[in-house]
Each structure stands twice: as C-alpha cells, then as structure tokens.
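Undergrad: Sequence:
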Amino acid sequence: MIRFLHQEREVAIEDLAADTTILDYLREHRGLTGTKEGCASGDCGACTVVIAKASDDGLQYSPVNACIAPLGSIHGTQLISVEDLKDGAAWHPVQRAMIECHASQCGFCTPGFVMSMFALYHSHRTCEREDILEALGGNLCRCTGYRPIIDAAEQALGDVQVDKFSRRAQATLDQLRALLDTESETAALESAHSHYFRPRDAAQVAELLQQYPDARLVAGGTDLFLENTQSLTPLPVLIDLSAATELHSIDCDADAIRLGAAVTHRACQQAVLSDYPELAELIERFGSLQIRSQGTVAGNIANASPIGDWPPVLLALGGAIALQSNAGVREIPLDDFFLDYRKTALQAGEFIATVILPRRKGSLFLRAYKISKRFEDDISSVCAVFALTLDGDRITQARVAFGGMAAIPRRAPALESALTDVELSSVDMDELAAAIAQDFQPIDDARATANYRLTVAARLLTRLQQEYIGKAATRAHPLGANQAGASAHG
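Just so we're aligned, residue 177 is where the sequence shown starts under this note's numbering, counting upward by one.
Misleading hints may appear alongside valid ones.
[Stated by the list, open to error] Label pairs and their in silico Cβ distance ranges:
id, residue 1, residue 2, range
1, Gln642, Asp350, 51 to 59 Å
2, Ser450, Thr209, 41 to 49 Å
3, Gln617, His369, 37 to 45 Å
4, Gly283, Lys549, 24 to 32 Å
5, Asp390, Asn627, 37 to 45 Å
6, Gln386, Gly646, 49 to 57 Å
No lab work stands behind these hints: they were computed from the structure. Ideal placement from N, C-alpha and C gives every residue a C-beta, glycine not left out.
Working from the sequences, and respecting the hints, build out all of it.
TA: Structure follows, in structure tokens:
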C-alpha cells in the first residue's frame with residue numbers, strides 16, 4: 177500500500193498497476209482533468225504537478241512531470257494539482273496574475289505554467305527574472321504567448337503573500353511525518369499481474385532484485401517511463417530506489433564526492449559545483465527543472481544512452497561507480513561500464529548504488545560543451561568534456577569524453593594522445609580534427625548527421641583553445657571559476 181496527501185486528506189492505494197502514472201491517477205481515477213497530457217514524454221510541461229516533501233527545513237515543493245512519474249513515487253508526500261490551488265472562491269495569486277496579464281490563450285498549457293510558478297512561489301527566496309525563466313524552461317506554449325506568461329510570473333512573485341498552503345504548512349508537515357512514522361513494511365502497489373515496491377534500504381533492493389530478476393529499477397522514471405508512455409510497453413514489476421535512505425546520501429571526503437543512486441540532478445548541484453564550477457551550465461541544461469527534480473545521476477548512467485550528459489563528465493574526470501548485490505559491493509571505473517549500445521557491465525542482481533566523482537586536484541582546465549537543437553530542455557546532439565591537467569601552459573594529461581559520437585559514451589584516445597605534452601595555445605587544430613575522425617565514426621540520426629557531429633567536435637576544439645587563450649591572458653583563478661558554465665549554445 178502507498179499513502180500520500182491530496183486535498184488535505186490521506187489517500188491509501190494498494191491495487192493499481194505498477195506503471196500507473198500520477199497523470200493516470202488524477203485524470204482516470206479521480207476525474208481531475210486540469211492536468212493535461214501533451215507529449216507524454218516530459219518535454220512540454222502541460223502535465224506539471226507539484227510534490228511537497230517533509231524536510232528538516234519544512235516543506236520542499238518540487239515541480240514534477242506527472243505524465244512520466246510513477247504514482248508509487250509519491251508515497252509519503254503531498255500531491256498538489258491545479259484544482260487544489262483556489263482558496264474557497266478566491267484564485268491563488270499565481271492564477272490571478274495569469275488572468276490579469278491575459279497569459280492564457282488556448283489554455284492547454286496554462287495548468288502546467290501555473291504549477292511551475294506555484295512551485296517557485298513556495299521556494300522561499302527572492303526571484304529574479306533569470307529564476308523565472310529557469311522555472312518555466314520546461315513548459316511550452318504552442319500559442320507563443322511567453323511574454324504575458326513571464327509578466328504574470330513577475331507580478332505574482334513580486335508580491336508573495338501567505339496562501340492556504342503556507343497557513344497549513346505545520347499541519348501538513350505533521351500529517352506527512354505521521355504517514356512515514358506508521359510505516360512498518362515496504363510500501364507497494366500490487367495488482368493481479370504487477371508489483372511496485374519501495375524498499376527502505378539498499379539491502380532490501382538487492383533482496384527484491386534476487387526475488388524478481390526481471391524487475392526494472394526506477395528512481396525518477398524520466399527515461400524508463402518513456403517505454404510505457406511512448407512505446408506502450410508494460411512495466412509489470414518495478415523496484416523504486418527513492419525510499420532507500422542511504423541512496424539519497426551525498427558524501428564528500430578528501431578523495432571523492434559520492435552520490436547515492438537516488439540523488440537527483442538538482443540535489444547534487446551544490447556538491448559537484450563546489451569542485452567543478454565549470455559544469456554549472458551543463459547541469460542547468462539537463463532537461464527542465466521538472467526533469468532535474470525527478471531524474472537521477474545514477475539513472476542517467478544506468479540507462480546507457482549514447483547521448484546522456486553525465487557519462488562524458490564522469491569519463492573525463494575519472495569517475496567510478498559502486499555496484500551492489502546480495503553478494504556485496506564492487507567498484508569499477510566508468511571506463512569499464514559501457515560495453516555496447518545499451519549494454520553495460522551490470523551482472524545479474526546488481527544495481528548502481530553510488531556514483532563516485534574524484535575531488536579536484538592539481539591545475540585542471542575543464543570545459544563541458546553541449547550542442548542541441550534547443551538551448552533549454554533538449555537532448556544532446558554532441559556532448560564533449562575536456563579535462564586537461566596543466567604544468568604551466570603544457571598539457572601533462574588529457575582526458576576527453578564525448579556523447580553522441582558512438583554507440584556508447586566514451587573517451588577519445590587518439591585525441592587525448594594528440595593533446596598530451598603540447599601547449600594548447602599553439603596546437604595544430606587540423607591534427608586534432610584528424611584525431612577525432614580516427615576516434616569516432618558517428619552515424620546519421622534524427623538529431624544530427626555524422627558529418628555535422630564530426631564538424632562540431634572539431635569546432636569545439638577551436639572554442640576550447642580560444643577560451644584557454646583568453647583565460648591565460650587574464651590570469652584567471654586556477655579553478656577557472658570565472659569561466660563557470662562555459663558551454664556551446666548549439
């Protein structure tokens with residue numbers, strides 16, 4: 177059974193299919209049709225709802241794509257949909273601003289925009305225009321009415337008032353904690369032919385994997401659930417990692433930053449950027465805020481997509497992963513994890529328990545570039561990460577990794593060799609371009625042609641050189657903080 181709060185009441189469910197989404201529940205089981213299905217892939221934001229979780233700092237509100245979020249994932253939380261915002265007959269300030277600014281045209285996208293604004297409304301911080309643009313980056317308006325929508329957000333967030341959710345915050349916290357305190361067993365959804373489990377620790381995950389060897393693991397569902405919503409493939413047995421406490425851990429010591437398998441892209445930002453500020457824009461461009469709030473770093477690795485954004489980062493920085501099963505834990509370099517297209521070194525009964533990122537050491541020149549058709553909320557055509565260790569102006573070690581250039585994310589050995597023991601400011605670009613062509617034979621697909629990918633990869637080397645020359649000329653901070661987030665706009 178799973179339990180959560182909705183409309184100030186406890187909801188208990190035990191007999192729905194494992195792959196039921198939040199959107200399915202709202203529209204088909206509750207008759208609440210304000211939340212829309214536009215793309216069924218987490219791209220358009222029309223399905224956005226807000227999930228409130230209890231934390232040491234109070235309630236944390238996160239926007240979520242209901243179309244690809246499993247219903248079981250909201251156990252122990254508060255579900256808020258667009259129908260819930262009104263206070264009696266009074267519109268919520270966000271809704272009122274949308275009306276007064278004439279920000280709704282056909283209206284299909286409006287509920288999603290309202291819910292994204294509502295999450296930002298409860299972020300307990302002063303919001304600048306950039307914060308609004310980030311918050312709305314995962315919501316698309318097909319009527320192109322963005323200016324009045326942004327005006328509405330600025331109006332509502334410029335005068336944040338106490339709403340009914342703020343007034344009830346303590347009562348909601350008490351209800352949520354009571355839900356979690358009464359847990360005595362693994363939360364689950366079970367029907368005649370499906371099972372959804374939420375084990376409470378990593379050991380239970382391993383036990384369930386042994387019991388159900390064909391089960392699929394889910395943490396955010398932002399990739400896995402596309403199999404269900406796009407290909408209509410049933411997901412009869414799911415094991416949700418998000419309730420396992422130790423899998424949410426972020427541990428930093430002198431050697432490494434360790435991210436548990438349930439750590440989201442959003443949650444890891446502070447820890448990762450403290451050592452590698454140059455990755456800021458790459459992380460911020462990882463899908464939308466909804467996706468970053470749901471999806472996990474480990475999930476981006478485990479799905480073994482050739483166009484994932486985290487694998488090139490970890491490959492270039494010498495990252496590793498810890499794999500756990502009933503037999504114990506083993507650690508392998510990420511270099512050894514990807515074997516072939518969608519094929520990994522995971523053995524039967526194993527799952528990624530921890531992602532390991534080495535701490536920054538020495539004089540490192542780091543750049544991460546993402547090329548995509550859109551700047552926000554899009555998949556990479558090419559992703560490139562360059563990690564160059566320097567002795568003065570000479571490169572003593574080069575680790576370079578690409579996504580989108582082969583069947584797996586991988587390093588570029590010929591390019592690394594060509595970059596080693598040279599000065600980046602004077603290296604021959606034609607020689608480096610030839611090395612890339614030696615390393616990769618990309619394919620044509622819907623996102624880019626092979627020729628485009630090879631050309632872009634070579635141009636990124638030119639950009640890398642120009643940014644290095646500019647950095648050296650200004651004697652920038654050795655960590656490169658003034659260049660944080662450098663990335664190609666595509």
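Undergrad: Each hint needs a verdict: does it hold in this structure or not?
TA: Verification of the supplied hints:
1. About 57 Å separates the C-beta atoms of Gln642 and Asp350, a value consistent with the hinted range of 51 to 59 Å.
2. About 44 Å separates the C-beta atoms of Ser450 and Thr209, a value consistent with the hinted range of 41 to 49 Å.
3. Between Gln617 and His369 the CB atoms are about 44 Å apart, so this pair conforms to the stated range of 37 to 45 Å.
4. At roughly 27 Å, the beta-carbon separation of Gly283 and Lys549 lies within the given 24 to 32 Å, and the hint holds.
5. As the Cβ distance of Asp390 to Asn627 is approximately 41 Å, the hint placing it in 37 to 45 Å holds.
6. Under the hint 49 to 57 Å, the C-beta atoms of Gln386 and Gly646, about 54 Å apart, fit the expected range.
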